[in-house]
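A.B. asks: Spelled out, the chains give:
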Amino acid sequence: MDLTRLTAAELSGKLAAREISATEVTQAHLDRIAAVDDRVHAFLHLAADTALGQAADVDRRRASGDALGPLAGVPIAVKDVFTTKGMPTTCGSRILEGWHPPYDATITKRLKDNGVIILGKTNMDEFAMGSSTENSAYGPSRNPWDLDKIPGGSSGGSSAAVASYQAPLAIGTDTGGSIRQPAAVCGIVGTKPTYGGSSRYGVVAFASSLDTPGPFARTVLDAALLHEVMSGHDPMDSTSIDAPVPPVVQAARQADISGMRLGVVTDLSGAGYQPGVMTRFNEAVELLEHLGAKVTEVSCPHFKYALPAYYLIAPSECSSNLARFDAMRYGLRVGDDGTRDAEEVMSMTREAGFGSEVKRRIILGTYALSSGYYDAYYGKAQQVRTLVIRDFEAAFAQVDALVSPATPTTAFAIGERADDPMAMYLADLCTIPSDLAGNAAISVPCGLADEDNLPVGLQVMAPALADDRLYRVASAFEAAFAASSTGAGPFLAAAAGRGVDA
Amino acid sequence: MIETERYAPVIGLETHVELGTRTKMFCGCGTLFGGEPNSQVCPVCLGLPGSLPVVNKNAIEYTIKIGLALNCTIASWCRFARKNYFYPDMPKNFQISQYDEPLCIDGYLDVAVEGRTFRVGIERVHLEEDTGKSLHVGGATGRIHGADYSLVDYNRAGIPLVEIVTKPVDRTGALAPLVARAYVTELRDLLRSLDVSDVRMEEGSMRCDVNTSLSAIGSGVWGTRTETKNVNSLRSVERAVRSEIERQAGVLDAGGRVIQETRHFHEESGKTTSGRSKEEAQDYRYFPEPDLVPVAPASDWVSQIRATLPEAPSARRARLQAEWGLSDLDMDALRNADALDLVASTVAEGASPADARKWWLGELARRANETGVALADLAITPAQVARVAGLVTDGKLNDRLARDVIDGVLAGEGSPDEVVGDRRLTVVSDDSALQAAVDAAISANPDAVASIRAGRTGAIGVLVGAVMKATRGQADPARVRPLIEQRLS
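Just so you know, the sequences run in chain order Y and E.
For the first sequence, our numbering assigns the number 1 to the initial residue and increments by one for each residue that follows.
For the second sequence, our numbering assigns the number 1001 to the initial residue and increments by one for each residue that follows.
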């Protein structure tokens, strides 16, 4: 039995029944990482020793009869944007090279408290800015389906790790699509929970009003199990919602959508959408209808302004959030040779420590917030954001959930869009509206595009705090889709013999 | 002040007050002054990557209290904003402050100067976080430019800071410097009565920036203003305004133009010097703080806070003055010496207002001056002062012995009664014991006795002094004198 091929739910069952130990599970994944990650480059930091230590602890506690959480002993890969005590946290940036945070993010702490085994920290676009991991200062990660393709971003290390069986679970953050887009292009499941549903404390900020931590997994149920463990109110995060976590696991198990009203967002289609993506998406909608959902078309006329509004709001917030990287207290310091003053050292450090995409956004945001331009840029973008929220409100008055492709195209080639920021930004066309509105959305695999035989993601969007609806729809779809095409088992089985396993 | 015949000064004051909350504005770190550098810090107030602020509810409550006491309207909904600029003592390189949505707006504070009342309008009261403290080592100025290196203490970073901004204050004429000082004094007393801050200018828990401009009389046009920083005492407030009025009048008289700029006040010279020019002012790129949710104080809560407001200091002063029967001059002296509360407490412990005033403004003020501590920080309580005064009233001590008792209390020898016991300091009132001392004094000072007999009664003082010396001060001079007169009659 190859333990790396099991789902988190299967591992959880076997661990609870003591058929396998956490140490065996952890070792199996460490072996898999050793075998494939030099080609995938999912991890920036591997924590083999602490992972095995954690596993031994879980095994000991289980042996002594302690009550353990459902994911105790299951390994996870953590995006390098979550602070981790005892492990470096770089955010894919030179400016944080060598920084060991003195504290755990709330989510890191919850994972540890639940006995989830942290294998290491995964690669990402620098400070979560990008859709391909090509903006990482430490080199790109690769798509396990085709090593010449991007794994998506910014949480591309996490999606690549899960898709290449290096971890059954991973966490990432979604600011403009950074969980759903990599999940879609890697053929796995990724959820952006309701904003405020999962704590941002200890998540190094890109855009505070948008950043949302969420789960990656190979199955919908696994994503729900992790969603439940990582979520919930956090008094350390003022924007955290003080409400019970929606019953996502129950919804994933229920997987019944008969009578549910689903809306196809007509504005998320058309020019720029790859035909093979639209074919798989349309088939997915038919399958949902076949499962008993009442499908209608819904128009969200302001979604077309979501991308430009996002590229004012997110850079504005990032220009302020990233001001703290100034060489004074931690991280990189350049030019401190005793002849230069603090301002020069700050300036030289930021010049050397930030990559070009980060600088581009800091400059954009600084401009958008500056006196005399604020109203025309940041102010106007916030108005557009309100219009996007109203579009969602109007849509959710008619339907229970919305569906669209998760991305306009499948994974593109590494280097293909690296010099064309606009083309890169379009990768998040379908995902940005939910970030601006703060509602919940998921991407679930719905097949391979005919043109390139690469994964396509189906996006489901639900109102804020109705995250459970995502899992009902995605889980029902996943089961029906598996039965109708590749046969039973996770979708990723279709990747056998390809990419990293070729 | 001759300038004010040609120019009408317009002043404005921005006062920063550190709130006396137990913990910082956005984290759970302590706020005690004077801790080891960087001992009261955590990921939040150090602005470490990933950390997030959480609003201290007490700080909101204190600010509402201040707003209500200043007759302000309390916003039913407001937000924090980020003020962006780079400086090493600011951990995040932005300060969480308030911008166009302050918590309290549009109030006033009445102040009295030379019998006239001036209503100082309050523009806004808002809440923000303090920065760390930089110490620039080396260099001539103690400022960052030219320093060899700088040390930063982040203990102060994140301490809640309230900024109280006045509206422009005009029509004060030559009284402008006094009005400025009276405003800051009244504000200090008000904040102290609210128990929201220890308001110590010397420790920097209350800091003042003074805006000054001149308008040519009859022109109806306000001149360019300057902002004077580093004004760290009540006296400096007055001096800084006076010095800026004189300087600007000189510039205008010479046909020059006042530049809008920040100026620094120098305690030693009483003058201001130019700081950075506001004409190249930074763009702070304010925007609503996305890490915090809006603050929406419920009206019930505001009403509850309003119900806890103490009597206004000005009303209290008027009441106490009437109760105590003190003159305006006496009251001003008490206030200037920062002794009003001490006297009130001493009276409450049973001393007469006159005695309480006498001890605090006399002997105790002298001791405080000598040792360089604030009156309130002397190691003696109002109750102890009242006890000393009571012992004098009862004839158990005379003033000289009372000073010895105060000595003992200040030296940590215990309560007044313990010092009296340990040092055996009681007035000798037993006439037979005194009689012997009187007789000895008479026989030892024949010249004085002769003078007295010759009608120069002033010489009795010599004999009284001799008796006091012989009894080591324990005799009651009021008793000694008739005994001498009796013997010599």
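Keep in mind that the hints were calculated from the coordinates and are not lab data.
In this text, all values refer to a predicted model and were calculated from it rather than measured experimentally.
There could be a bad hint or two in this list.
Unchecked claim - Computed footprint of chain E on chain Y, listed as stretches where at least three residues anywhere in the stretch have a Cβ under 8 Å from a Cβ of chain E:
#, stretch
1, 167-178
2, 204-210
3, 342-353
Think of the CB as a built atom: it goes at the ideal place given N, C-alpha and C, for glycine as much as any other residue.
A.B. asks: Each hint needs a verdict: does it hold in this structure or not?
C.D. replies: Here is what the structure says about each hint:
Under a criterion of three residues with beta carbons nearer than 8 Å to beta carbons of chain E, the stated coverage of the stretch 167-178 of chain Y fails, only 0 such residues being counted. Note: the stretch 204-210 of chain Y has 5 residues with beta-carbon separation from chain E under 8 Å; the three-residue rule is met and the coverage holds. Taking a C-beta to C-beta cut-off of 8 Å, the stretch 342-353 of chain Y contributes 3 residues in contact with chain E, enough for the three needed, and the coverage statement holds.
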